[in-house]
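Please work from the sequences and hints to get the whole structure.
Sequence lines, in order, name chains A and B.
Going letter by letter, the first sequence gives residues 2 to 352 in my numbering.
Going letter by letter, the second sequence gives residues 18 to 264 in my numbering.
Quick caveat, the hints were computed from the structure, so don't treat them as lab data.
Hints may be right or wrong, so weigh each one.
With a cut-off of at most 30 Å between alpha-carbon atoms, the simulated DSSO-like pairs for lysine-lysine come out as follows [said to hold, decoys possible]:
1) Lys70(A) x Lys19(A)
2) Lys66(A) x Lys263(B)
3) Lys263(B) x Lys178(B)
4) Lys294(A) x Lys19(A)
5) Lys261(B) x Lys66(A)
6) Lys263(B) x Lys61(B)
7) Lys233(B) x Lys61(B)
8) Lys261(B) x Lys70(A)
9) Lys232(A) x Lys294(A)
10) Lys178(B) x Lys233(B)
11) Lys61(B) x Lys173(B)
12) Lys66(A) x Lys262(B)
13) Lys178(B) x Lys66(A)
14) Lys61(B) x Lys178(B)
15) Lys233(A) x Lys19(A)
Sample of chain A residues lacking proximity to chain B, with all beta carbon distances greater than 10 Å (derived) [what the hints assert, rightly or not]:
16) Phe41
17) Met61
18) Arg65
19) Val100
20) Ile108
21) Ile130
22) Val133
23) Leu211
24) Phe255
25) Pro293
26) Leu305
27) Thr338
28) Tyr343
Pair by pair, the computed Cβ-Cβ distance ranges are [unchecked claim]:
29) Leu22(A) x Ala165(B): 48 to 58 Å
30) Phe250(B) x Ala225(A): 20 to 30 Å
31) Gly220(B) x Ile192(A): 28 to 38 Å
The C-beta atom is built at its ideal place from N, Cα and C for all residues, glycine as well.
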Amino acid sequence: MFVAQSSPFLKPELSVSKMMLVVLLALIPGIITSVWVFGFGVLVNIVLAITFSLLFEAVMLYLRKRPIKVYLRDNSAILTAVLLALALPPLAPWWLTLVGSFFAIVIAKQLYGGLGYNPFNPAMAAYAILLVSFPAEMTTLWTAPVMLGGHESLSLLQTLNYQLFNQLPDTLTLDAVSYATPLGVVRTSVINGLASISEIKSTGHTFGMLGGIGTEWVSLAFLAGGLFLLKKGVIQWYIPVSMLATMGFVSLLFGSFELDSNPSPLFHLFSGATMLGAFFIATDPVTAATTPKGQIIYGAGIGLLIYIIRTWGGYPDAIAFSVLIMNMCVPLLDYYTQPRVYGHNIDKEQQ
Amino acid sequence: MSETLSETTAPSDINEDKKPGSSLAEGSFPAKGSFLAEYTPIAKDGLWSNNAVLVQMLGLCPLLAVSNSVINALGLGLATIAVLILSNMSISLIRNIVRPEIHLPVFVIIIASVVTAIELVIHAWFHELYLILGIFIPLIVTNCSIIARAEAFASKNTLGKAAFDGLMMGLGFTLVLVVLGAMREVIGLGTLLSNAHIMFGEGMQWLTIEVIPDYKGFLLAILPPGAFMGLAFLLALKNYFSLKKKA
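So, in structure tokens, the structure goes:
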């Protein structure tokens, strides 16, 4: 009872391993919804990504002469793998996941020194590399959501057969199971002036009630998971709120002029990976800004960049690029937003 | 003056303690005992221990831009070798006339004239290569390794040594360029020596090797990020070997 102990006396509430586990737990509603909406491909991607990532992590830890078991148990590789898998198209061939896991774990994480030393979000770095290198596979392999009529859905075996051996059932073509993502449609038709929003709405293939058809449900599930993380205190509100608020504000600003050629703020917030990005990707404790003020600027920067790239850039969605660009600004943000140390620079504070 | 200068510029610091070249030379060529001892370090410097890219990190702009295929790399590498040899020789010849205060402008003018001549040669005889390499041929002028060799070596050494140094530095640069080009071409396109005809003539199309048949292509390796990553891996490899040797 009277054993003298050195500091720290207060145990941290969450270890790294536990924190990652809570984040994974918070992802589960989103994962289930994704599987419901997009089919078993999502599940196959997750299993493949986790397998490959753990393998690469173990090999790299061995090569770097680090204790393998200790670092594998911190669950960070699993979280990276799941985030990457959720960003990949549901019918991604196995090698796409392999290349992605390689870049996420080996290049973006371990070569920089492992967890805590990587300046860029590993999952997003890998996603950006895949998107730049394999544009066709990354954009055309989205399975049609269940609520979209006129499309076939694949069974688990058929999905596996396609992802592993590139074989579809004889009666089906790729066009029969895949669809153009809502953000992709908006990018190619609306912003290029080929069709107006009301025209696209009348086809019923793109817009749901809130955002993009199908993706709105996934977004809502990720939002729920994110709120759970906020309540648990795993993430702070600064980044997600400033990111979503900036996106909403900017899209409202531009969208209120020409309603028929600018998608609504709700569409921007509930399409693509906005919610996943705001709560699970941008909030990565390693690569995000650390000071409250810095986090607000960081989140706002991501939100602004997403809108800019979606509207005027070359890609339909931009979570990965925006997060990576803001990752680059983090050292600067942290430097200029350092809170005043207690007792220092009192004059400045009083002015 | 030239004597003292050439003595002060020991071309390398690696052979200070051990001189394998000199002992070897004395045994085989008693008459030219100092020849090998003087020229071996220059070669070793240029190719490995003071390599323009891997150690001095010079001339990275053309290196990163042009190394997307072996043939492009080889084309720019050969042009750079030619420029290095000719500029080193001219500068060595006039080294006693030019005052140190005006070294830089004189050297730049010489290098620029050599590059212009080489550019015209490529334009005339390798027109397709000229179209691909484009702006990077005139930009050889700005390749820092050339002005660096002019100032650090050619302006202090005799004609023969300066020419040999130019050749070896150029070879070292070309070697890295070609290795990087090969890495990027194999990973990016799955071929080696594609477009061989634009350099060796129509009869040499057979040189092109399809390393990986039915390859989908990995665009990243061809794009600029691939160049940076490839160079980083080459640097890591060089450092690994150097550290291993020291240990």
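Hints versus structure:
1. Straight-line distance between C-alpha atoms of Lys70(A) and Lys19(A) comes to about 16 Å, which keeps the hinted pair within the 30 Å bound.
2. As the CA atoms of Lys66(A) and Lys263(B) are separated by approximately 21 Å, the hinted pair is consistent with the 30 Å bound.
3. Restraint check: the Cα-Cα separation between Lys263(B) and Lys178(B) comes to about 29 Å, which is no more than 30 Å; the hinted pair holds.
4. Note on Lys294(A) and Lys19(A): the hinted pairing holds, with a Cα-Cα distance of about 27 Å set against a maximum of 30 Å.
5. Using a Cα cut-off of 30 Å, the hinted pair Lys261(B) and Lys66(A) holds, with the two alpha carbons roughly 17 Å apart.
6. A distance of roughly 17 Å separates the Cα atoms of Lys263(B) and Lys61(B); the hinted pair therefore holds under the 30 Å criterion.
7. For the given pair, Lys233(B) sits about 40 Å from Lys61(B) by alpha-carbon distance, which is inconsistent with the 30 Å threshold.
8. Taking the CA atoms of Lys261(B) and Lys70(A), the gap is about 28 Å. The hint holds against a cut of 30 Å.
9. Annotation: proposed proximity of Lys232(A) to Lys294(A) holds, straight-line Cα distance about 21 Å (limit 30 Å).
10. Proposed proximity of Lys178(B) and Lys233(B) is contradicted: the alpha carbons are some 48 Å apart, above 30 Å.
11. With a C-alpha separation of about 19 Å, the suggested pair Lys61(B) and Lys173(B) falls inside the 30 Å cut-off, and the hint holds.
12. Proposed proximity of Lys66(A) and Lys262(B) is supported: the alpha carbons are some 20 Å apart, at most 30 Å.
13. Pair hint Lys178(B) plus Lys66(A) does not hold up; C-alpha atoms about 46 Å apart against a cutoff of 30 Å.
14. Proposed proximity of Lys61(B) and Lys178(B) is supported: the alpha carbons are some 13 Å apart, at most 30 Å.
15. Between Lys233(A) and Lys19(A), the direct Cα distance comes to roughly 12 Å. Compliance with the 30 Å bound is thereby established for this hinted pair.
16. No beta-carbon of chain B comes within 10 Å of the beta-carbon of Phe41(A); the shortest separation is about 24 Å.
17. With a closest Cβ-Cβ approach of about 14 Å to chain B, Met61(A) is found to remain outside the 10 Å limit, as its non-interface label requires.
18. Listed as outside the interface, Arg65(A) is consistent with that label: its C-beta sits roughly 13 Å from the nearest C-beta of chain B, beyond the 10 Å cut-off.
19. A cut-off of 10 Å between C-beta atoms contradicts the statement that Val100(A) is not in contact with chain B; the least separation is 8 Å.
20. With a cut of 10 Å on Cβ distances, Ile108(A) falls inside the contact zone with chain B, its closest approach being about 7 Å.
21. Its beta-carbon lying about 6 Å from the closest one in chain B, Ile130(A) breaks the requirement of being farther than 10 Å from that chain.
22. For Val133(A), the shortest C-beta to C-beta distance to chain B comes to about 6 Å, within the 10 Å cut-off, and the non-interface label is violated.
23. Every C-beta of chain B lies more than 10 Å from that of Leu211(A), the closest at about 35 Å, which supports listing it as non-interface.
24. The claim that Phe255(A) lies off the interface holds: its Cβ sits roughly 31 Å from the closest Cβ of chain B, which is beyond the 10 Å cut-off.
25. For Pro293(A), the requirement that its beta carbon stay farther than 10 Å from each beta carbon of chain B is met, with the minimum near 33 Å.
26. Under the 10 Å C-beta cut-off, the non-interface status given to Leu305(A) relative to chain B holds; the minimum distance is some 24 Å.
27. Every CB of chain B lies more than 10 Å from the CB of Thr338(A), the least distance being 30 Å, so the non-interface label holds.
28. The beta carbon of Tyr343(A) sits about 42 Å from the closest Cβ of chain B, which is more than 10 Å, so the claim that it is off the interface holds.
29. A beta carbon spacing of about 55 Å between Leu22(A) and Ala165(B) agrees with the range 48 to 58 Å that was offered as a hint.
30. The hinted range of 20 to 30 Å is not satisfied by Phe250(B) and Ala225(A), whose Cβ atoms lie roughly 43 Å apart.
31. Between Gly220(B) and Ile192(A) the Cβ separation comes to about 51 Å, which falls outside the hinted range of 28 to 38 Å.
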